[in-house]
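Keeping their order, the protein sequence lines are chains A and B.
My numbering numbers the first residue of the first sequence as 2 and each following residue consecutively.
My numbering numbers the first residue of the second sequence as 2 and each following residue consecutively.
Because the hints were derived from the structure by calculation, they are not lab data.
Hints are supplied without guarantee of correctness; some may be wrong.
Which chain A residues stay away from chain B? Per the calculated CB distances, all over 10 Å, these [said to hold, decoys possible]:
id: 1; residue: V12
id: 2; residue: I22
id: 3; residue: N44
id: 4; residue: R67
id: 5; residue: L85
id: 6; residue: P89
id: 7; residue: K109
id: 8; residue: I243
id: 9; residue: K278
With the C-beta cut set under 7 Å, the calculated list includes, among others, these residues of chain A facing chain B [said to hold, decoys possible]:
id: 10; residue: N23
id: 11; residue: H27
id: 12; residue: I58
id: 13; residue: I59
id: 14; residue: M76
id: 15; residue: H79
id: 16; residue: K80
id: 17; residue: Y84
id: 18; residue: P86
id: 19; residue: Y90
id: 20; residue: Y92
id: 21; residue: F103
id: 22; residue: L107
id: 23; residue: V296
For glycine and all other residues, C-beta sits at the position ideal for the given N, C-alpha and C.
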Amino acid sequence: MEAAIEIKQLVKTYKSKIGDINVVDHIDLEVGKGEIFGFLGPNGAGKTTTIKILLGIIYADGGDARVLGREVGDMAIHKKIAYLPEKPYYYEHMTGIEILRFYASLFKIKDEAKLKGLLERVNLANDGHKTISQYSKGMQQRIGLAQSLINDPELLFLDEPTGGLDPIAHIEIRDLILNMREEGKTVFISSHELSDVERICDRVAIINKGRIASQGRLEDLLKGGRYEITASGVPEGLAKSIQEPDTLVSFKDGRLIVDMPDTTSPNAVIEGILAAKGSVISVIPRRKRLEDLFVETVRQKNEEEKAGGRK
Amino acid sequence: MSVILSIASTTLGEAIRRRVLLVILLIALGSLIIAPGLSVLQPRGQQAAITSLTMGIIQMTSALIAIVLTVYMIPNEIERRTIYTILCKPVQRWQFVVGKYLGAVAALGMMIFFMTLVLIFVTSLNSGFDIARVQELVKGPFMYFWQMAILSAVAMMFSTFVTPLVNFFLSSGIFIAGTVFSSVFQSFMENRGTNELTKTLASAVQYIIPNFALYNVQNPIINPGQEIVNEFGYYLQSVGYALLYVVGLLVVAILIFDRREV
C-alpha cells in the first residue's frame with residue numbers, strides 16, 4: 002500500500018530546567034493511503050507534537066518525516082491536507098458561511114455552491130447565517146470539519162475530533178469520519194475516545210512518553226478474547242481438575258468462575274461442570290477491547306521503564 | 002496577495018469588535034467632545050488650547066490602541082489555535098504576519114478617522130466650519146497614523162517572541178524614547194564637544210529607535226504663525242521614513258516568526 006505518512010526515527014526535544022526532554026523519541030510510523038489511523042496515548046505522550054511536525058508548524062530535531070510522498074514543510078503538501086485541532090476557536094463575529102469563505106480564500110477557492118454543499122454535509126445548512134458565538138460546541142466542531150474539507154484533502158489530521166461532545170454530536174462526527182473513508186481519504190486521528198477509535202480505525206499506534214509502545218491492525222492487536230464461565234453447585238475439588246492453559250479458576254459466593262482464553266474450547270470445562278452435577282449459569286465471551294489494550298500497554302511500558310530505568 | 006488581504010480583512014473585522022479597544026475609543030471620543038468645555042480654564046487662546054488638547058487626545062489614544070491591538074495579535078492566534086488551521090493551509094508565515102499587520106493598521110486607521118471626524122465636528126461647533134482650518138487640522142491625525150503604523154510594526158515585531166505584557170512595556174518604552182529623546186540623541190550627534198564614542202552610540206540609537214517625533218506636527222497647527230518649510234516635501238519624507246521602518250521591522254518579525262515553534 003502506498004504510504005500517506007512515513008516517519009523514520011523522528012525526534013523532537015525540548016529544553017527544560019531538568020535537562021533535555023525527548024517529547025518525540027525516535028518514532029517510526031507508516032500510514033497507508035485510504036487508511037483511518039488512530040494515534041493514541043496518554044496526555045503529554047507526544048501525539049500533538051508529532052502532528053504539528055507533520056503539518057510543518059514545528060520542526061523536528063532529528064529523523065525523517067514525509068507526507069504524501071514529500072518532505073514535511075513543502076508547501077505543495079498544504080494544498081492536499083487538512084487539520085482540525087483540539088478545541089479549535091473560530092472568529093466569533095463571523096457566521097458559519099463567512100468562516101468557510103475565509104478558509105476557502107486561503108486556497109483561492111470562490112465556489113459558493115461548494116461552500117453551501119459543505120454546510121449541508123455537516124448538517125449546518127440552516128445555520129450558516131448564524132455567528133460562531135451562537136454555535137454549540139458540536140456545531141463548532143462540525144464547522145471545523147467543514148473548513149477542513151474545503152480543499153477536498155487527501156489526508157486529514159483530526160486532533161480529538163469527538164472530545165467533549167454530547168452523544169448525538171459524537172455520532173454525527175463519527176459518521177462524517179466514516180464517510181471520509183468511503184471517499185478514499187486518509188484520516189489520521191489522535192483521540193482519547195477509544196470506543197470511537199475502535200469502531201472507525203483500521204490501524205492504531207499507541208505512543209507513550211514519546212515512544213511507540215505498540216502499533217498494528219486493530220484486529221491483530223485485539224486478538225485474545227476470553228470466556229467467563231460461571232457455575233453453581235460445583236464441588237470445590239473440581240477447580241483442581243481444570244487444567245486448561247492460561248485459565249484462572251476461582252470461587253466467589255459459592256460460585257465457580259472460570260476465566261479462559263477464547264482460543265480454547267469451553268466445552269470440556271462445561272462438560273466437567275455438568276458431570277459434577279453442577280449448573281452452568283452463564284458463558285460470556287469477552288472480546289478484548291482497545292481500552293484494555295491501551296491501559297495494558299501503557300502500564301507495561303511504564304513498569305518496564307521503572308524496573309530498568311529509561312534507555 | 003489575496004491570502005494577505007483575506008487575513009487582513011478578518012483581522013480588521015475582529016479588531017473593530019474588541020471591547021477593550023472600543024472602550025478606549027469611546028473614552029477618547031467623549032474626551033474630544035468635552036474638550037472645549039475644559040479649555041475655559043486654559044490661560045492661552047481658547048482655539049489653540051482646544052486644538053492642543055484634542056490633538057493630544059488623538060495621539061495618546063492612537064498610541065494606546067496601536068499597542069493594545071498589536072501586542073495580542075500573534076499570541077492570541079497561538080493560544081486559541083486559530084493559527085494552526087491557517088498555517089496548515091497554503092499560507093506562508095510571512096503572509097500571515099503581513100496580513101495581521103495590515104489588518105491591525107486598517108483598524109487603527111479607521112479609529113483615527115473616527116476621532117478626526119469628531120475633532121472636525123467639535124472644532125466647527127466651537128468656531129464655525131472653515132475648510133482651510135479643517136485642511137490644517139487633518140494634517141495632525143494624518144501624521145499620527147504614520148507614527149502609529151511604525152509603533153504597530155514595533156509591537157508586531159516584539160509579538161513574535163515576547164509575551165503581550167512585556168511587549169506592552171517594550172513598545173511603550175520605544176515610543177516614549179523615540180518621541181521624547183530623539184532630539185537629545187540628535188544634539189549629542191551634532192554637539193562638537195561630544196566625544197566620538199557617545200556620538201557613535203547616539204547615532205546607533207538614533208537609527209535603531211524610530212524617530213517618532215518627526216510626526217508631531219501639532220505646533221504649526223496649534224499656532225498658525227508657525228510654518229513647516231517645504232511642507233509637502235517634509236510630509237512625503239516622513240511617510241517614506243515610516244514605510245522604510247515598517248518594512249524593516251516586518252522583515253525582522255518574519256525572520257523571527259519563520260523559525261518560531263507555535
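Structure-based check of each hint:
Against chain B, the non-interface label of V12/A holds: every CB pair exceeds 10 Å, the least being about 14 Å. The non-interface label for I22/A is consistent with chain B: the shortest C-beta to C-beta separation is roughly 14 Å, beyond 10 Å. In this structure N44/A is separated from chain B by more than 10 Å, as the shortest Cβ-Cβ distance comes to about 16 Å. In this structure R67/A is separated from chain B by more than 10 Å, as the shortest Cβ-Cβ distance comes to about 16 Å.
The beta carbon of L85/A sits about 8 Å from the closest Cβ of chain B, which is not more than 10 Å, so the claim that it is off the interface is violated. Distance to chain B contradicts P89/A as a non-interface residue, since its nearest Cβ pair spans about 5 Å, not more than 10 Å. Against chain B, the non-interface label of K109/A is violated: not every CB pair exceeds 10 Å, the least being about 6 Å. Every Cβ of chain B is farther than 10 Å from the Cβ of I243/A; the closest lies at roughly 56 Å, confirming the non-interface assignment.
The claim that K278/A is not at the interface with chain B holds, since no C-beta of that chain comes within 10 Å of its own (minimum 66 Å). The closest approach between the C-beta of N23/A and any C-beta of chain B is roughly 15 Å, which is over the 7 Å cut-off, so the hint fails. Restraint check, H27/A versus chain B: the minimum CB separation of about 19 Å is more than 7 Å; hint violated. Because the closest C-beta pair between I58/A and chain B is about 6 Å apart, less than 7 Å, the hint holds.
Taken as an interface hint, I59/A checks out: its beta carbon lies about 4 Å from the nearest beta carbon of chain B, inside 7 Å. A least Cβ separation of about 6 Å between M76/A and chain B falls short of the 7 Å threshold, and the interface hint therefore holds. With 7 Å as the threshold, the beta carbon of H79/A comes within range of chain B, its nearest partner Cβ sitting at about 4 Å, so the hint holds. About 5 Å separates the beta-carbon of K80/A from the nearest beta-carbon of chain B, less than 7 Å, and the hint is met.
Taking 7 Å as the C-beta cut-off, the interface hint given for Y84/A holds, the closest approach to chain B being about 4 Å. A distance limit of 7 Å between C-beta atoms decides the matter here; for P86/A the minimum to chain B is near 5 Å, and the interface restraint holds. Contact between Y90/A and chain B, as hinted, is supported at the beta carbon level, the nearest pair being about 4 Å apart and thus within 7 Å. With 7 Å as the threshold, the beta carbon of Y92/A comes within range of chain B, its nearest partner Cβ sitting at about 5 Å, so the hint holds.
The restraint placing F103/A at the interface with chain B holds, with a minimum CB-CB distance near 6 Å, inside the 7 Å limit. For L107/A, the shortest C-beta to C-beta distance to chain B is roughly 4 Å, which falls under 7 Å, so the interface hint holds. A cut of 7 Å between beta carbons decides the hint on V296/A: the least distance to chain B is about 29 Å, and the hint is violated.
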